[in-house]
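*Asks:* The lines below spell out each chain.
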Amino acid sequence: MTNAQATPVLELTGIGKEFGAIRALHDVDMHVLPGEVVGLMGDNGAGKSTLVKIIAGNFRPSHGEIRFAGSAVHFNRPIDARGVGIEVVYQDLALADNLTAAANVFLGRELKRRIGPFALLDHKAMAARALELFGELRSETRPDDLVKQMSGGQRQAVAIARTRLSNAKLVMMDEPTAAISVRQVEQVLGLIHRLKEQGVAVMLISHRMPDVFAVCDRVIVMRRGEKRADKPIHQTSPEEVTALITGAKEAA
Amino acid sequence: MAMPMESPISFTNVGRIRWWQRGIFASQTGYVLLALAVLLVVMHFASPYFFTEGNMQNVAKNFSFIAIATLGVTFVIITGGIDLSVGSMMCFSAMITSMVMTELSAPGSPAGSLFVHMAADGKTVLANVPGLILVVSLLAGLGVALLAGLVNGFCIAVLGLSPFVTTLGMLSIVRGLGYVVSNGRGSFPGGPDAGYFYALTSGDVLGVPVPFIYLIVLALAMAVVLHHSSFGRHVFALGGNEKAAELTGIPVVRVKIEVYVICALAAGLQGIIISGWLGSAPANMATSYELNVIAAAVIGGANLAGGIGGPLGAIVGCVLLEVIRNGLVLAQVSSYWQQTLVGVIIILAVLVDRIRSRMI
Numbered sequence: 001m002t003n004a005q006a007t008p009v010l011e012l013t014g015i016g017k018e019f020g021a022i023r024a025l026h027d028v029d030m031h032v033l034p035g036e037v038v039g040l041m042g043d044n045g046a047g048k049s050t051l052v053k054i055i056a057g058n059f060r061p062s063h064g065e066i067r068f069a070g071s072a073v074h075f076n077r078p079i080d081a082r083g084v085g086i087e088v089v090y091q092d093l094a095l096a097d098n099l100t101a102a103a104n105v106f107l108g109r110e111l112k113r114r115i116g117p118f119a120l121l122d123h124k125a126m127a128a129r130a131l132e133l134f135g136e137l138r139s140e141t142r143p144d145d146l147v148k149q150m151s152g153g154q155r156q157a158v159a160i161a162r163t164r165l166s167n168a169k170l171v172m173m174d175e176p177t178a179a180i181s182v183r184q185v186e187q188v189l190g191l192i193h194r195l196k197e198q199g200v201a202v203m204l205i206s207h208r209m210p211d212v213f214a215v216c217d218r219v220i221v222m223r224r225g226e227k228r229a230d231k232p233i234h235q236t237s238p239e240e241v242t243a244l245i246t247g248a249k250e251a252a
Numbered sequence: 001m002a003m004p005m006e007s008p009i010s011f012t013n014v015g016r017i018r019w020w021q022r023g024i025f026a027s028q029t030g031y032v033l034l035a036l037a038v039l040l041v042v043m044h045f046a047s048p049y050f051f052t053e054g055n056m057q058n059v060a061k062n063f064s065f066i067a068i069a070t071l072g073v074t075f076v077i078i079t080g081g082i083d084l085s086v087g088s089m090m091c092f093s094a095m096i097t098s099m100v101m102t103e104l105s106a107p108g109s110p111a112g113s114l115f116v117h118m119a120a121d122g123k124t125v126l127a128n129v130p131g132l133i134l135v136v137s138l139l140a141g142l143g144v145a146l147l148a149g150l151v152n153g154f155c156i157a158v159l160g161l162s163p164f165v166t167t168l169g170m171l172s173i174v175r176g177l178g179y180v181v182s183n184g185r186g187s188f189p190g191g192p193d194a195g196y197f198y199a200l201t202s203g204d205v206l207g208v209p210v211p212f213i214y215l216i217v218l219a220l221a222m223a224v225v226l227h228h229s230s231f232g233r234h235v236f237a238l239g240g241n242e243k244a245a246e247l248t249g250i251p252v253v254r255v256k257i258e259v260y261v262i263c264a265l266a267a268g269l270q271g272i273i274i275s276g277w278l279g280s281a282p283a284n285m286a287t288s289y290e291l292n293v294i295a296a297a298v299i300g301g302a303n304l305a306g307g308i309g310g311p312l313g314a315i316v317g318c319v320l321l322e323v324i325r326n327g328l329v330l331a332q333v334s335s336y337w338q339q340t341l342v343g344v345i346i347i348l349a350v351l352v353d354r355i356r357s358r359m360i
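Chains A and B, in that order, are what the protein sequence lines are. Taking our numbering as reference, the numbering of the first sequence is continuous, increasing by one, and the terminal residue is 252. Taking our numbering as reference, the numbering of the second sequence is continuous, increasing by one, and the terminal residue is 360.
Be aware that a few hints might be false.
What the hints assert, rightly or not - Derived DSBU-like pairs (lysine-lysine); straight-line CA-CA distance at most 35 Å:
{"id": "1", "chain 1": "A", "residue 1": "LYS124", "chain 2": "A", "residue 2": "LYS112"}
{"id": "2", "chain 1": "B", "residue 1": "LYS243", "chain 2": "A", "residue 2": "LYS124"}
{"id": "3", "chain 1": "A", "residue 1": "LYS169", "chain 2": "A", "residue 2": "LYS231"}
{"id": "4", "chain 1": "B", "residue 1": "LYS243", "chain 2": "A", "residue 2": "LYS148"}
{"id": "5", "chain 1": "B", "residue 1": "LYS243", "chain 2": "A", "residue 2": "LYS169"}
{"id": "6", "chain 1": "A", "residue 1": "LYS249", "chain 2": "A", "residue 2": "LYS169"}
{"id": "7", "chain 1": "A", "residue 1": "LYS148", "chain 2": "A", "residue 2": "LYS112"}
{"id": "8", "chain 1": "A", "residue 1": "LYS196", "chain 2": "A", "residue 2": "LYS112"}
{"id": "9", "chain 1": "A", "residue 1": "LYS196", "chain 2": "B", "residue 2": "LYS243"}
{"id": "10", "chain 1": "A", "residue 1": "LYS148", "chain 2": "A", "residue 2": "LYS196"}
{"id": "11", "chain 1": "B", "residue 1": "LYS243", "chain 2": "A", "residue 2": "LYS112"}
What the hints assert, rightly or not - Now the stretches of chain B that chain A is said to cover, found in silico as 3 or more residues with beta-carbon under 8 Å:
{"id": "12", "region": "227-233"}
{"id": "13", "region": "244-254"}
As the list claims (entries may be wrong) - Residues from chain A shown here face chain B by an in silico Cβ test under 8 Å; the list is partial:
{"id": "14", "residue": "PRO78"}
{"id": "15", "residue": "ILE79"}
{"id": "16", "residue": "ALA94"}
{"id": "17", "residue": "LEU95"}
{"id": "18", "residue": "ASP97"}
{"id": "19", "residue": "LEU107"}
{"id": "20", "residue": "GLY108"}
{"id": "21", "residue": "GLU110"}
{"id": "22", "residue": "LEU120"}
In short, the hints are calculated from the structure, not lab data. Note that beta-carbon positions come from the ideal geometry of N, C-alpha and C, so glycine has one too.
Please model the entire structure based on the sequences and the hints provided.
*Replies:* Below is the structure:
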């Protein structure tokens, strides 16, 4: 990791974002190293989602610079961010209910096979690969079932499986453990560990203190659009983080 | 970067959904098809004329007259949109086609001189290959449909206007343009290529009406596109969850424009076929057909909320409407009852679907 220490996978400098008169983010600096799990915490309206959407290419920042793996990047659309190796698991999971699990995993990057002049969907290959990914996630999810008929945990597995399709360098998870069962929380945290072992950086956006302290190496606390703390997890405590989130403690 | 599997995945808690609870068996299209089959049997016993060759040909021809446009509008409905301009589009395309054909076939006119000239005995003689006038006029008719579809798609996908309002406006614009170019008189396909035109639109091959053949070919193509191409996958994703489609990098704007263009082209083609059958393209042709077309799509199982629909459903909806119309005529019921019954069926079909989805 010595080499990786030198070049963070993601580096933000002076990121700011205004929506009309509303200042959603102000002068945020942060970095994420390869294989590092960073917890991003903050109350509703603290600017977490805006920050995630800027990194994911949904919004362009009003100020500041994003560097990815050492070089400056400008994302106009989410597909640009995905192109360099940033994957996002959205809070509402961004699934199309009327499609199957496999179709959702491959949405926007379907596998095709050529038949004469036509490129047709390769249903078999997509189902096989999706089943493999669900197996890695230890989720009992059938690729051919409609997402509409699935449990919260299965839906989560579908959304996470999507990020495993490409060689992502950074996976951002927006509240991945908010709406699932205890056993499935364990599975998601296990997955984060496995991503880390592969050298993938993970940003975990979560309200759940135990989850953040279970898997994260470092925690960043946002409040009122600004970064208030950025500490290794062993130098802080749930009490301190709570104080930072609520504003009882201004900065650390 | 495959992760090692600790053990092969087992499905201890997740049962498999039975075959009769998935696919077509669990869809509105499925039981509307069943209702249609029952209706056909009832008709057979109610009227000895129903299953005669002549009547079947008649039914096949009649439902083909709205079914191609229904295929087009089904694309739009699957994305969660609506296109109200199909009726006007049918008329305008048909009108432009026959006007261009007539114009190009007139030896004196500036455009016509390229295609025909007057022979010494006063007869019109073709200057080029036979059929060229027909091809040019068909392209002109479909070209205006393409343009209208592009405008619809642009307003909806790029400017973000509501599909209902945009296409309601287009309904009026296109109908108005039809009156403007024809001065309200309508037009007739004429000239040396008119024979080909009638053969291609209202002829038959081995007793099968050609519109029916077009319909089957287009429906098969649509089935392949919807279920085996990434475009089709994106159409469904757009109707299922537009935000998800956008987040996963689907070119939402392009897909939306494409479905409105497909719909307009299908309507244009349908209009041209109808004008061949009528022998003219009157300015009030296909007025309020958009309602029949949308009704057929909805009865066949296309969901106006988006995400569900297909070519089989579109055709089943059209056949059901036509069999009921035909059946009422054979049963000597006043034709004024038709519209009432169609309305009842629209509501019934959707109601049954609602009840079924609550039961599961």
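*Asks:* So which of the earlier hints does this model not fit?
*Replies:* none
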